[in-house]
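Now for the letters of each chain:
Protein chains: 2
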Amino acid sequence: MEPILSHLSFQIKENAIDSFMDEIKTPVTDPVFFSVGLPNKKLIPKKQLQAMTNMLFENDPSNLYNYCSSKGYDPFISTISAKETIAENFIMVTNGNTQGFDLVCRMLLNQKDSFAMEAYTYSIAHSAIHQYNLNAIEIPLQQDGMDMDVLEASIKKVPIKALYIIPNAQNPTGITISLEKRKRLIDLAYQYNFIIIEDDPYRELLFDERIPSLFELDPLKEKVIYLYSFSKIIAPAMRTGFILAHPVYIQKLEQFKQIQDACTSPINQMIINNLISSYVWPDLLEQQKNFYENRKKITQHFLINMHKKYGWLSSDPAGGLFYWVNVLDGDVLEWMKYAAASGVIFVPGKAFSLNDVTNTKIRICYAYCNDDEMMKGFERLEESFVKWKNNVQ
Amino acid sequence: MEPILSHLSFQIKENAIDSFMDEIKTPVTDPVFFSVGLPNKKLIPKKQLQAMTNMLFENDPSNLYNYCSSKGYDPFISTISAKETIAENFIMVTNGNTQGFDLVCRMLLNQKDSFAMEAYTYSIAHSAIHQYNLNAIEIPLQQDGMDMDVLEASIKKVPIKALYIIPNAQNPTGITISLEKRKRLIDLAYQYNFIIIEDDPYRELLFDERIPSLFELDPLKEKVIYLYSFSKIIAPAMRTGFILAHPVYIQKLEQFKQIQDACTSPINQMIINNLISSYVWPDLLEQQKNFYENRKKITQHFLINMHKKYGWLSSDPAGGLFYWVNVLDGDVLEWMKYAAASGVIFVPGKAFSLNDVTNTKIRICYAYCNDDEMMKGFERLEESFVKWKNNVQ
Numbered sequence: 001m002e003p004i005l006s007h008l009s010f011q012i013k014e015n016a017i018d019s020f021m022d023e024i025k026t027p028v029t030d031p032v033f034f035s036v037g038l039p040n041k042k043l044i045p046k047k048q049l050q051a052m053t054n055m056l057f058e059n060d061p062s063n064l065y066n067y068c069s070s071k072g073y074d075p076f077i078s079t080i081s082a083k084e085t086i087a088e089n090f091i092m093v094t095n096g097n098t099q100g101f102d103l104v105c106r107m108l109l110n111q112k113d114s115f116a117m118e119a120y121t122y123s124i125a126h127s128a129i130h131q132y133n134l135n136a137i138e139i140p141l142q143q144d145g146m147d148m149d150v151l152e153a154s155i156k157k158v159p160i161k162a163l164y165i166i167p168n169a170q171n172p173t174g175i176t177i178s179l180e181k182r183k184r185l186i187d188l189a190y191q192y193n194f195i196i197i198e199d200d201p202y203r204e205l206l207f208d209e210r211i212p213s214l215f216e217l218d219p220l221k222e223k224v225i226y227l228y229s230f231s232k233i234i235a236p237a238m239r240t241g242f243i244l245a246h247p248v249y250i251q252k253l254e255q256f257k258q259i260q261d262a263c264t265s266p267i268n269q270m271i272i273n274n275l276i277s278s279y280v281w282p283d284l285l286e287q288q289k290n291f292y293e294n295r296k297k298i299t300q301h302f303l304i305n306m307h308k309k310y311g312w313l314s315s316d317p318a319g320g321l322f323y324w325v326n327v328l329d330g331d332v333l334e335w336m337k338y339a340a341a342s343g344v345i346f347v348p349g350k351a352f353s354l355n356d357v358t359n360t361k362i363r364i365c366y367a368y369c370n371d372d373e374m375m376k377g378f379e380r381l382e383e384s385f386v387k388w389k390n391n392v393q
Numbered sequence: 001m002e003p004i005l006s007h008l009s010f011q012i013k014e015n016a017i018d019s020f021m022d023e024i025k026t027p028v029t030d031p032v033f034f035s036v037g038l039p040n041k042k043l044i045p046k047k048q049l050q051a052m053t054n055m056l057f058e059n060d061p062s063n064l065y066n067y068c069s070s071k072g073y074d075p076f077i078s079t080i081s082a083k084e085t086i087a088e089n090f091i092m093v094t095n096g097n098t099q100g101f102d103l104v105c106r107m108l109l110n111q112k113d114s115f116a117m118e119a120y121t122y123s124i125a126h127s128a129i130h131q132y133n134l135n136a137i138e139i140p141l142q143q144d145g146m147d148m149d150v151l152e153a154s155i156k157k158v159p160i161k162a163l164y165i166i167p168n169a170q171n172p173t174g175i176t177i178s179l180e181k182r183k184r185l186i187d188l189a190y191q192y193n194f195i196i197i198e199d200d201p202y203r204e205l206l207f208d209e210r211i212p213s214l215f216e217l218d219p220l221k222e223k224v225i226y227l228y229s230f231s232k233i234i235a236p237a238m239r240t241g242f243i244l245a246h247p248v249y250i251q252k253l254e255q256f257k258q259i260q261d262a263c264t265s266p267i268n269q270m271i272i273n274n275l276i277s278s279y280v281w282p283d284l285l286e287q288q289k290n291f292y293e294n295r296k297k298i299t300q301h302f303l304i305n306m307h308k309k310y311g312w313l314s315s316d317p318a319g320g321l322f323y324w325v326n327v328l329d330g331d332v333l334e335w336m337k338y339a340a341a342s343g344v345i346f347v348p349g350k351a352f353s354l355n356d357v358t359n360t361k362i363r364i365c366y367a368y369c370n371d372d373e374m375m376k377g378f379e380r381l382e383e384s385f386v387k388w389k390n391n392v393q
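So the sequence lines, in the order shown, correspond to chains C and U.
Note that the numbering used here has the first sequence beginning at 1, numbered continuously upward.
Note that the numbering used here has the second sequence beginning at 1, numbered continuously upward.
Among the clues, some could well be false.
In this list, chains with the same sequence are indistinguishable; a pair is considered to hold if it fits within one copy or across any two.
To be verified - Listed below are the simulated SDA-like cross-link pairs for lysine to any residue, each with C-alpha atoms no more than 20 Å apart in a straight line:
no.: 1; residue 1: Lys183; residue 2: Lys308
no.: 2; residue 1: Lys47; residue 2: Phe57
no.: 3; residue 1: Lys221; residue 2: Met1
no.: 4; residue 1: Lys41; residue 2: Met374
Hints in this document: simulated from the structure, not taken from any laboratory.
Required output: the full structure, derived from the provided sequences and hints.
And the structure:
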């Protein structure tokens, strides 16, 4: 069979994380997944979601079962407007940041455009690179975020159309970009005329005070398109998030959203609207932050020990779900096989970069697994690392 | 402000139905909407949806709150597989047929491809025409469906890449394509190598026995991609449907779905899976069919009367939600203003064709409005029609 396909179909590739994970088989019956970048199950507000849903069915608001505007359910947009202190015409609801990013790409990008991003970054950006056959420009990360000198030098040589950035508790490195660099990035966007796509699902999971977003810092709101998702703080299954952008962009995005799926599930929008408007919500967020901060400390304790014993280097995430670890030499794809045999799974750094040649980095998600799995996972990491190193020598 | 946009952004246009409806203002406090192509509110299985949702929260299946595979929630795919008697690797879940159609277009179409469709048809097809700057080929409809001689003659002159068809109770005409023409269309697809996109949301709302779908009739399952939605028989707000296609296509569609929104809300998939597997489901469908058949008869009675008095011609829909009416002369866009002033809204035929020059046709949806609104709507249609005709002369 010779399928009939578009150019895009030939360019699109499987997600890099998935393709690495597809190959991993573990013989162990109780594997520990440091690979899964998901919120911890304990933190899902199950009772509240059930109560909100029942309240919704009982109240039976008009249009509960209907389509809503592609922009989103009006009262939900009002809530977002109040919480984000931005006018309603700057807001569109999405099915989470995956859709937000896809819609923004459809609106902005042509084949072969130049597109900058952090090296390393979430593989969603690489999907766009493949699909649109983009000229990908990876900008190195420093402790305080993207290297702005390298970025500017690069733009001077090759102008870019858009830049993708995860500003807070970045996936995979855990890095948060500083206020100074945020301001400089916006200046660059105005000076060299490109769009910043700000993907910010971890902002509520920062352990310290939040720095203003690039969108908040953008004086004219013309250069930053802001993506927010409730997947990390409520539940991925709700498939709900929003975009903040200049109304000129929101109008276009709304047209693409209408074509793409008419609207985000209005029932899910109503449930989330009720939940984030309820008096329990700040407490629920606080619980999450404390939980992840505790998890981070436990992981840090382990990683300091590994640094002493084996020289591992690691980030010091100021929030979010991830630790980024550099084991200095060897190919971690080899280690992964030993790790899987021992019953622990992580994601290799290669999954987060188009040009990673070092092969010494891994991402550990400390959020998802159960409390009793954490120490077991750490033991298996060390055990498999030692086996790998012994066998390599 | 000079926005940064893709080529697609310049090509995409507002939905034709919306742009006609945007202009309609009615001074009446109780307008009757024959324009709204939605299921009747009375038929939404509210109690069952609430019960299924609560059962779900109580049972708390693992992964209830998580992402699921982009292909869909496994038990839901199993249910679809059993009901459609097709292997699971031919199935992908979508957020309804809007998304199904968009994903298929992304997979199949390049700019300027040739694309055939019924004249008249649902405006979703025209959105694709604009977005991909396609060579649009409109094939006239006969009482038993698309004119196959015209189609074949057209293909001989200009080969097509894909064809969009609503086989049952077509929107807007209510026409159902005959078995003979279905078979011939599939023969043509193999002979001239094009894909048939079969959009079938009304199949459960046929008053008589269902003819096999084009997908069922396709011997090798290589030429038909089948789109199904639960929006018309459960609720649009659930945003759930599915695609049936050859596994070669399903694999590609899954990649696009992953990029587009990761997955359809797993909670909504689980609720619908429970509902359509429950013993009440066949009764609920039967109720819907009976309700719409009764509505059709009431509308038919009115339209026979209008035929006698004013010569109106109308279709005889074998199911679905729509009557297609031809008032023979004048421009119905003018009538719309009188109708809105009288408090009744319909959609002009122009919204369903790229090249409609007659301007004498309208679509009446007999499904959505309340029982007590039906007769009022008919009175206002006649009253406004008479006023229009008197003023024109």
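Quick rundown of the hints versus the structure:
Within a single copy, Lys183 and Lys308 get their C-alpha atoms no closer than 37 Å, and across copies no closer than 73 Å, so neither meets the 20 Å cut-off. Taking the closest pair of Cα atoms, Lys47 and Phe57 come within 20 Å of each other both inside a single copy (16 Å) and across two copies (9 Å). In this assembly of identical chains, Lys221 and Met1 lie within 20 Å of each other by CA distance solely across copies; the values are 11 Å between and 50 Å within a copy. Only within a single protomer do Lys41 and Met374 lie at most 20 Å apart by alpha-carbon distance; the minimum there is 14 Å, versus 50 Å between protomers.
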